[in-house]
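**Student:** Residue strings, one per chain:
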Amino acid sequence: MTGSAVLNTVAIGDIQAPHLEYGQLGPMLLVFGVAVLGVLVEALVGRGWRQFIQVPLTFAGLAGAFVWILVLGVKDKPLHVAAEGAVGVDAPTLFLQGTILVLALVSLLLIADRQNGAFTPQASALPGSDAEREGIASGTVQSELYPLMLFAVGGMMLFTAANDLLTMFVALEVMSLPLYIMCGLARRRRLLSQEAAVKYFLLGAFSSAFFLYGTALLYGYAGSVRLSDIATATGNNAGSEPLLLAGIALLSVGLLFKLGAVPFQAWKPDVYQGAPTPVTALMASCTLVAAVGATLRVFYVALENMSWDWRPMMWGVAILTMLVGAIIAITQTDLKRMLAYSSIAHAGFLLTGVIATSQAGLSGTLFYLAAYGFTTIGAFAVITMVRDAGGEAGHLSRWAGLGKRSPVVAGVFAFFLLAFAGIPLTSGFTGKFAVFKAAIDGGATPLVVVGVISSAIAAFFYLRVIVVMFFSEPAADGPAVVTTIPTAAAVALGATVTVVLGVLPQPMLDVAGQAASHLFVR
Amino acid sequence: MNYLILSAILFTIGAVGVLVRRNAIVVFMCVELMLNATNLAFVSFSHQHGNLDGQIIAFFVMVVAAAEVVVGLAIIMAIFRSRRSSSVDDANLLKY
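Protein sequence lines, in the order shown, are assigned to chains A and E. FYI, this note's numbering numbers position 502 of the first sequence as 502, with every residue one higher than the one before it. FYI, this note's numbering numbers position 1 of the second sequence as 1001, with every residue one higher than the one before it.
What the hints contain is simulated information worked out from the structure, not anything from laboratory work. Check before you lean on any hint, since a few could be wrong.
[Claimed, not checked] Below, a list of computed lysine to any residue pairs in the SDA-like style, where the Cα atoms sit at most 25 Å apart:
#, chain 1, residue 1, chain 2, residue 2
1, E, Lys1095, A, Gly411
2, E, Lys1095, A, Val452
3, E, Lys1095, A, Trp315
4, E, Lys1095, A, Leu320
5, E, Lys1095, A, Leu126
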């Protein structure tokens, strides 16, 4: 058989060590390296000191990786395939990785805010047990959180850069596994948090099995898992092979699940609501960027020749995602849950940019991701600030009259909501305009019509929150606004970027346009 | 070819199991069955194409599945300790 023939020809001396481009892989290696260092800190440093070492270490790792990416982006025209073809280091990838790192830095401000008290001192302690009370009293923290976050961020960076489906699968798991754990670490409402972790884990594992089976079928079709080889194989054979079509469908299930697109959105509201809010902010921004990045690469590079086959399916998914997200959000009474449905609707808007498969679509999607990421972190940061005796006041009715009690916080939150709705002079408007314009140029006008209708529906529930905050009487025992420096900094950063990208979007649009100018390397 | 059909059957059994079983551990075992069905598909495609990629991928999948078991069992343990139940139907606080 041919298989054994190959086996015989590979003698021991023939195997050469792979050539790695350490310079181009540097940002990812740095993040993973610092994560490993963080695990060592957990093992070797006393409990009291860990938090003081972990936070600066994590911050330095993320910031260093970001600087490295800036250098890579400025120094030469990034169009490389690194690590024997497993990783693509090109301009869109660097843009996405940079976005992930900056958003992770802002989320880190929320995660590291100890007064926030979002995380349990001991994940293994039973809710309500003596061990838990002791942990809270002693003021210890579960500082494993920081290495976990770094592993997740490193996985996200690799997920956007993966140039073959195996690397993409491994990155998917490296990104997801720490997030599953981080979801279950909330200090208050432990049962909700653990339930969110179980749901996210079981559904995530289920969807990654679909992703993997799709990979297997595409490997069976093309004889390779490299995206460029799959593109070549689909180009040679115009016929509709069942193996190929089934592979594309299963692969899309895995990717669309991570995006939270309808009909694979069911996990998103539960997980966003149950997870500690700083982790929700990380997932809503960074994970979305990574998922969209990988989806873009798969559909722009590997399945480019098959666009006539996948486009109808993706149209349906995008339309459903935009409408279902916006309509179900109307009935929500929990703010985190409402923002989760809003995030589903935004995934639909992003998909219109993916479907365009053009340079304009790519640059619009990149800009949208950066703009939306900052706004969503800012919004979740505000949610952590408004607190009852039992933790965050998540229910909408508790926010009644917040505008009278603390006008600044309510005003900033209202501004974020307007940005989600896409009102002009906010980054949300510029982002939506960019992807919708690309979609119209790509001939997807019906999709844009649905997008605009869904934005109008969504504006209703955003405005409802604003009305509740400003035009109703505050309750006597209403929640207090607790301001701490790191959280306030995250809110301020989110608000500033939302304003700047709304009023002066051109520099950022130029960067996104330049990043998209060469599309993806293959 | 027969191996591919077997792998598709195993994958389907796993997927149906995830959907109908109630115990989180059994659901999780069904996911593992799906991953192993995928491994079988990779190895048989590898034989068909005469290259070794598929066999190497199967190793990666095994490692990833092992890591997933570690994280998954830890999460299921945590929720079992606080609820005294590992049924996915009982975990129903988050809805609507």
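**Student:** Now tell me, hint by hint, if it's right for this structure.
**Tutor:** Quick rundown of the hints versus the structure:
1. E:Lys1095 - A:Gly411: Not OK: Lys1095 (chain E) and Gly411 (chain A) at ~29 Å, beyond 25 Å, violated.
2. E:Lys1095 - A:Val452: violated, 28 Å
3. E:Lys1095 - A:Trp315: Between Lys1095 (chain E) and Trp315 (chain A) the Cα gap is close to 28 Å, so the pair fails against 25 Å, i.e. violated.
4. E:Lys1095 - A:Leu320: holds, 20 Å
5. E:Lys1095 - A:Leu126: holds, 23 Å
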